[in-house]
Structures are given as structure tokens and as C-alpha cells.
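Chemist: Given next are the chains, with one letter for each unit.
2 protein chains.
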Amino acid sequence: MTNINQQIILAKRPEGMPDQNTFKFVEKDVDNLEEGHILIKTLYVSVDPYMRGRMEDTESYVEPYQLNKVIDGGSIGEVVESKSDDFKQGDIVIGVWGWQTYYIANEKGVRKIDPSLAPITTHLGILGMTGLTAYFGLLDIGQPKEGETVVISGAAGAVGSVVGQIAKIKGARVVGIAGSDEKIAFLKDELSFDEGINYRTTQDLEADLKVACPHGVDVYFDNVGGKISDAVMTYLNRYARIPVCGAISAYNLNEVDMGPRVQTTLIKKSALMQGFTVGNYSERFNEGAQQLGAWLKDGKLKYRETIIKGFENIPTAFMNLFEGKNIGKLLVQVANREYSQ
Amino acid sequence: MTNINQQIILAKRPEGMPDQNTFKFVEKDVDNLEEGHILIKTLYVSVDPYMRGRMEDTESYVEPYQLNKVIDGGSIGEVVESKSDDFKQGDIVIGVWGWQTYYIANEKGVRKIDPSLAPITTHLGILGMTGLTAYFGLLDIGQPKEGETVVISGAAGAVGSVVGQIAKIKGARVVGIAGSDEKIAFLKDELSFDEGINYRTTQDLEADLKVACPHGVDVYFDNVGGKISDAVMTYLNRYARIPVCGAISAYNLNEVDMGPRVQTTLIKKSALMQGFTVGNYSERFNEGAQQLGAWLKDGKLKYRETIIKGFENIPTAFMNLFEGKNIGKLLVQVANREYSQ
Numbered sequence: 087m088t089n090i091n092q093q094i095i096l097a098k099r100p101e102g103m104p105d106q107n108t109f110k111f112v113e114k115d116v117d118n119l120e121e122g123h124i125l126i127k128t129l130y131v132s133v134d135p136y137m138r139g140r141m142e143d144t145e146s147y148v149e150p151y152q153l154n155k156v157i158d159g160g161s162i163g164e165v166v167e168s169k170s171d172d173f174k175q176g177d178i179v180i181g182v183w184g185w186q187t188y189y190i191a192n193e194k195g196v197r198k199i200d201p202s203l204a205p206i207t208t209h210l211g212i213l214g215m216t217g218l219t220a221y222f223g224l225l226d227i228g229q230p231k232e233g234e235t236v237v238i239s240g241a242a243g244a245v246g247s248v249v250g251q252i253a254k255i256k257g258a259r260v261v262g263i264a265g266s267d268e269k270i271a272f273l274k275d276e277l278s279f280d281e282g283i284n285y286r287t288t289q290d291l292e293a294d295l296k297v298a299c300p301h302g303v304d305v306y307f308d309n310v311g312g313k314i315s316d317a318v319m320t321y322l323n324r325y326a327r328i329p330v331c332g333a334i335s336a337y338n339l340n341e342v343d344m345g346p347r348v349q350t351t352l353i354k355k356s357a358l359m360q361g362f363t364v365g366n367y368s369e370r371f372n373e374g375a376q377q378l379g380a381w382l383k384d385g386k387l388k389y390r391e392t393i394i395k396g397f398e399n400i401p402t403a404f405m406n407l408f409e410g411k412n413i414g415k416l417l418v419q420v421a422n423r424e425y426s427q
Numbered sequence: 087m088t089n090i091n092q093q094i095i096l097a098k099r100p101e102g103m104p105d106q107n108t109f110k111f112v113e114k115d116v117d118n119l120e121e122g123h124i125l126i127k128t129l130y131v132s133v134d135p136y137m138r139g140r141m142e143d144t145e146s147y148v149e150p151y152q153l154n155k156v157i158d159g160g161s162i163g164e165v166v167e168s169k170s171d172d173f174k175q176g177d178i179v180i181g182v183w184g185w186q187t188y189y190i191a192n193e194k195g196v197r198k199i200d201p202s203l204a205p206i207t208t209h210l211g212i213l214g215m216t217g218l219t220a221y222f223g224l225l226d227i228g229q230p231k232e233g234e235t236v237v238i239s240g241a242a243g244a245v246g247s248v249v250g251q252i253a254k255i256k257g258a259r260v261v262g263i264a265g266s267d268e269k270i271a272f273l274k275d276e277l278s279f280d281e282g283i284n285y286r287t288t289q290d291l292e293a294d295l296k297v298a299c300p301h302g303v304d305v306y307f308d309n310v311g312g313k314i315s316d317a318v319m320t321y322l323n324r325y326a327r328i329p330v331c332g333a334i335s336a337y338n339l340n341e342v343d344m345g346p347r348v349q350t351t352l353i354k355k356s357a358l359m360q361g362f363t364v365g366n367y368s369e370r371f372n373e374g375a376q377q378l379g380a381w382l383k384d385g386k387l388k389y390r391e392t393i394i395k396g397f398e399n400i401p402t403a404f405m406n407l408f409e410g411k412n413i414g415k416l417l418v419q420v421a422n423r424e425y426s427q
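The listed protein sequences derive, respectively, from chains A and B.
Just add 86 to wherever you are in the first sequence, counting from 1, and you've got my numbering.
Just add 86 to wherever you are in the second sequence, counting from 1, and you've got my numbering.
Hints may be right or wrong, so weigh each one.
Which copy? The list can't say, so a pair holds if one copy fits it or any two copies do.
[Unchecked claim] Computed cross-link-like contacts, BS3-like style, restricted to lysine-lysine with a CA-CA straight-line distance of at most 25 Å:
1) K354 x K383
2) K194 x K388
3) K313 x K354
4) K194 x K386
5) K386 x K256
6) K169 x K231
7) K169 x K110
8) K313 x K296
No lab work stands behind these hints: they were computed from the structure.
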């Protein structure tokens with residue numbers, strides 16, 4: 087029996103918001119398995135805002151996606167056939183093979199994960215790149231100290247929700263900005279954020295920030311850019327630090343993203359803004375993953391996932407990211423486990 | 087004989103560009119000298135862009151000037167009468183008494199400088215706060231490495247001209263942006279900058295930057311903000327550092343200073359922007375002053391001063407700062423030395 091590999095390829099570089107024409111579904115026969123290789127059936131694929139950047143043909147920290155090639159990103163799968171001594175049928179593996187239903191890997195192309203330690207999906211989220219992004223961005227650049235105020239935009243997202251919890255572990259006052267009352271309730275009730283601001287319903291974001299941050303803002307973890315960041319910048323304290331992680335408000339703009347220039351504020355406050363990507367910290371991933379795993383085990387970190395089912399729903403799930411519908415990490419479940427449970 | 091102290095006070099907070107109505111000349115009798123005090127006759131006063139910020143009634147890193155009070159800032163003077171054992175007539179002293187022709191200080195209010203080591207005016211310039219601003223901003227935040235490219239805006243100004251020379255000492259390729267052909271010639275011919283760009287006459291600043299920086303920009307020392315900075319930001323290399331020292335283009339704006347938001351660029355390049363003021367480094371002033379003095383003595387640092395004569399010309403000299411007329415440090419000479427030479 088020949089397996090059919092369904093793939094989603096980049097059909098067209100989006101101008102502005104991606105739509106269904108951005109993507110194309112194609113099918114290919116799965117090749118025969120050679121010695122030393124394994125056949126993986128995809129279980130979950132990661133759907134992340136940074137992928138929007140890779141759809142542009144511009145220089146960035148990661149290569150742009152190529153037209154008519156499969157859209158890659160983090161995925162988790164189950165080994166369904168193995169010609170490698172290192173893997174057996176039923177092993178759960180993680181790697182970067184993106185939006186396709188099957189993948190043939192050599193022994194170095196993927197990493198085995200232990201399903202008994204934590205739910206396997208956490209390796210695409212809180213124990214994976216999103217957790218590490220939060221960990222290094224907050225602790226290396228933001229450096230929150232006990233009693234300081236940390237404001238997070240995109241606070242209910244995959245990264246933001248971890249940032250806030252780590253800031254709480256470090257003894258900071260944590261204020262989250264998010265786009266629905268459900269998200270604000272999640273931040274305050276489940277994740278113990280001190281304050282939450284719904285930027286969609288607020289009458290006056292600056293006034294709400296002033297109330298939520300009576301002692302000003304020491305760290306602003308920026309996931310969104312745009313007007314929300316403009317507002318937070320007006321409350322910076324002296325020596326404030328701004329890890330710039332994402333600018334989701336700008337990803338789908340067709341024009342130049344204009345706003346108040348930041349130089350005067352940075353000078354007046356001796357403040358720091360630093361862009362980063364998790365890859366900058368690749369040599370310290372083990373440190374981060376161990377700490378995140380320990381906090382998770384101790385119940386100090388919680389997480390929420392939004393899991394959409396069905397390979398055919400991946401493009402829609404991706405587009406929903408930009409409408410702010412999901413809470414926590416967004417995943418698409420492509421198949422169920424067959425050989426392991 | 088009673089001496090008359092002429093003062094310039096802040097008569098009106100400027101809206102936009104300061105003008106003659108911003109300032110008012112007043113005269114006061116000089117008080118009688120008490121024990122432990124000295125009477126100083128002002129020789130030179132410093133005229134700096136940062137003073138514009140202090141004319142606003144907004145929170146910043148230094149206190150706003152008060153209405154109807156003398157405008158303070160760095161000054162150098164000669165002791166004309168002493169009732170202190172620590173000072174004698176003819177001593178040259180530096181302190182912060184600003185725009186007035188006489189000043190009575192106690193023994194701790196001023197510092198003696200040695201006129202035999204370097205021209206006394208250097209203590210308001212390359213060996214003073216402007217030199218220290220260049221030193222700490224470039225070396226602490228910019229951290230140029232050998233072979234890297236350092237771009238400086240306001241390059242022919244008091245701070246910029248020192249920044250470029252220190253960057254050359256550190257082995258960097260140095261590109262200066264300034265506003266006249268005379269300034270560009272000064273940067274290249276006298277200070278050995280590798281390239282200079284006249285932003286007033288260029289047809290295409292971005293294109294000129296591309297030619298001047300074939301390997302991109304590793305450090306951008308920003309004295310001006312505005313469109314010049316927008317252009318430099320498009321050539322940042324990965325891990326670029328931007329010490330944000332001044333935003334002279336914004337100081338006299340009456341509206342919000344709008345431009346392209348920086349977040350996306352900072353993320354793509356993992357770049358850092360950090361505002362600072364020299365006061366942040368007060369505990370390291372000795373280190374900086376010693377190094378600057380050594381470089382000056384060894385002929386590794388050169389400087390240019392623009393000296394305007396006459397107390398009555400201080401307001402005009404200050405306003406000229408914003409028209410980009412001066413090269414190097416701008417000073418006003420108020421009197422000649424009487425008791426020392």
C-alpha cells in the first residue's frame with residue numbers, strides 16, 4: 087500500500103492578510119523507506135504568527151518560504167515504520183517538517199520525546215519554542231526584578247501567557263493586555279496576572295494602563311507593536327527594558343507601519359528596546375527547557391492550548407491567529423496516535 | 087564697588103523653536119562674599135541641544151528649568167575673589183552655574199581645573215560631559231568591534247565628532263552624516279572618518295548609505311532621530327546596536343514626531359536601541375576622563391570648537407544649534423581671563 091502525503095504549499099505570497107489563495111493543497115506518494123530512515127505520520131502541526139514573516143520574500147532571521155514548497159514549522163508525529171535502530175514503531179518524535187501528513191526523516195532529523203513526562207503537545211508549546219521564547223526574552227532582555235511592573239501585550243497568546251507566569255515567579259506585578267473578556271478572565275483567574283486590560287473594549291487604553299500600573303512600567307514584553315505599544319511606551323520608568331518579540335499588528339500591513347518615533351522616550355527614560363528571536367539562544371535551550379519543565383512539574387506554570395482538528399483546517403487556523411481568536415498555543419491535530427497511547 | 091551680575095532667565099517656555107522671547111536678560115547686584123566662598127567671573131558657558139528639553143515642563147532625566155530662573159548648564163570661570171583657603175584669585179574653575187556673568191560658590195560647588203594640561207575650554211567639551219557622553223554611549227552601548235561599521239548622525243557636533251574618533255581608535259569603519267560640505271570635509275580630512283554624507287544635499291540618503299556601508303551597519307550612534315535615523319535603520323546588520331543619544335530633529339516639533347515604527351526591524355535584526363544620558367555613568371566619569379585625556383595627549387583625538395563672543399549672544403548661539411551651523415562644541419566666551427594666563 088502506498089501512503090499519500092498531503093501537503094500545504096505556499097501558492098502565492100500574500101499582500102496584506104493571507105487568504106485561501108495563499109495556500110494550495112497537493113498530494114504526493116510517500117517514497118519507499120530506505121535504511122536508516124523512519125516514516126512519520128504527523129499528529130500535530132504548530133501554527134504561529136512568525137510564519138507570516140516567512141511568507142514574504144524579504145531578508146529576515148529565517149529564510150523566506152519558497153513558492154510551491156511545503157510550509158515548514160514545528161510538528162509532532164508518530165513513527166509508523168522504522169528502518170533505524172534508534173527508533174521503533176510508535177515512538178513520538180518532534181521536528182521541523184511543517185504542514186504535511188507524512189515525513190521521512192533520517193536519524194538526525196527529528197528528536198524523540200517521552201510521552202510519559204508531559205502531554206506531547208507541550209513540546210510544541212510551553213516546553214518548546216514558544217516557552218523558550220518567553221523564557222529568554224523575559225529573563226535575558228527584560229530582567230524583571232521583584233516588585234517591578236511587567237506589562238505584556240498579546241498576553242493570552244502562546245508566548246505572552248508564559249511570559250506573565252515567569253514574571254510572577256520572579257515576583258513582579260504583571261499586567262496583561264489581550265483582546266477579549268474571556269482572555270482577561272483566563273489571565274487573571276487561571277494564571278494569576280495582577281491586572282488585565284481588554285484593548286478592544288477599553289474606552290481609553292492609556293488611562294487603563296495608568297490605573298493598572300500605578301508605579302509605571304519597568305518591563306514591556308512586546309508581542310504586538312502598533313498603537314498598543316505606543317500607549318505602553320508613555321508609562322515607561324527610568325531604565326525600562328522592552329524585549330521586542332513580535333509585531334503582529336504590522337505583519338499584514340500593506341503600507342509602512344507609522345507611529346510616534348521612540349527616540350525621545352528612550353532618551354528620557356534611559357530605556358532599552360531589543361528585538362530577538364529564540365534562535366539567538368540556541369546554545370542555552372537545554373537550560374531553558376529544564377527550567378520550564380521543572381516549573382511545569384511543580385505546578386508553577388499552567389498552559390492553555392487551542393487545538394483545531396483536521397489537516398484541511400490548517401490555513402483557516404493560521405488566518406485566525408491574526409483575528410486574535412485563540413487562547414494559548416494554537417495547534418492543528420492532523421491524526422490520532424495509532425501504535426502508542 | 088558692587089559687581090553687576092547679568093543673567094539670562096527662562097521668560098517663557100517655547101512652543102516649537104525657541105526665539106528671543108524665550109529668554110530675558112536681567113541684572114542683579116552681586117552679594118557680598120561670605121567666609122568659605124569664592125566669587126567667580128564667568129569666562130565660558132556651554133550651549134547644548136539637551137537644554138531645549140529642559141525648557142519643557144515635562145518629566146525627564148533632568149529637572150525642567152524653572153520659569154524666571156537663570157538657565158543653568160556647564161560653565162568655566164576665574165576666581166576673582168576668594169574667602170576660601172582652597173581657592174585663590176586666578177584659579178580656573180568649572181561648575182554648573184549656567185548663563186550668568188558672576189557666580190558665588192562654596193568650596194564644594196565647583197572644581198578646579200589645571201590650565202597647563204589642556205586648553206580650559208576642553209573641560210566643557212572633549213574632556214567634559216560631551217566627551218564622556220561619546221565615550222560611554224559608544225563603548226558601553228554601541229560596543230564597536232574591529233572591522234565593524236559605525237554610522238553617526240550629527241557627526242560633526244560636539245558628541246558625534248568624538249564618537250567617530252573613538253570608533254576609529256577601536257578599528258571600526260566610520261561613516262558620518264552631517265549637514266554641510268564643510269562639515270563633511272572636517273570629518274574626513276581632519277578626523278579621518280572613512281565616509282561622510284551631507285544629508286542636506288544628497289539626492290538619496292538611503293542610496294548613499296548603501297554605498298558608504300557596503301557591509302551594513304553594526305552600530306548607529308543616533309544624535310538626531312527623524313528621517314535620517316529611519317534611513318539608517320534600513321541597513322542594520324544582525325545584532326546591531328543603537329545608542330540613542332539625541333533626537334535634535336524632534337526637540338522643536340509642536341506635533342507628535344511620527345515615523346515608521348521600529349519593532350519589525352528590531353526583531354528581524356535582533357537589534358538593540360538604548361537611550362541614555364551621561365549621568366547614568368557618573369560613577370565611571372574618572373575612568374572616561376582619564377582615557378579621553380590620554381588619547382587627547384597622544385594626538386589620537388582632535389576637537390573643534392565654535393566659540394561665539396559676548397554674553398548677549400548666548401540666546402542666538404543656542405538657537406543656531408538647531409540650524410546645524412556649528413562644528414564641534416559650541417561655547418560662548420563671556421569674558422577674558424584677568425588674573426591668570
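Chemist: All the hints need checking, so say for each whether the structure fits it.
Modeler: Now for the hints, and whether the structure bears them out:
1. K354 x K383: Classified as neither; 42 Å inside a copy, 34 Å across copies.
2. K194 x K388: neither (31 Å within a copy, 57 Å between copies)
3. K313 x K354: Classified as both; 20 Å inside a copy, 20 Å across copies.
4. K194 x K386: Cα proximity of K194 and K386: none, with 33 Å in one copy and 54 Å across.
5. K386 x K256: This pair counts as within: shortest intra-copy Cα distance 11 Å, inter-copy 47 Å.
6. K169 x K231: neither (51 Å within a copy, 49 Å between copies)
7. K169 x K110: neither (31 Å within a copy, 89 Å between copies)
8. K313 x K296: For K313 and K296, the Cα distance is within 25 Å only inside one copy (16 Å; across copies 31 Å).
In the structure shown, a violation is registered for the earlier hints numbered 1, 2, 4, 6, 7, in ascending order.
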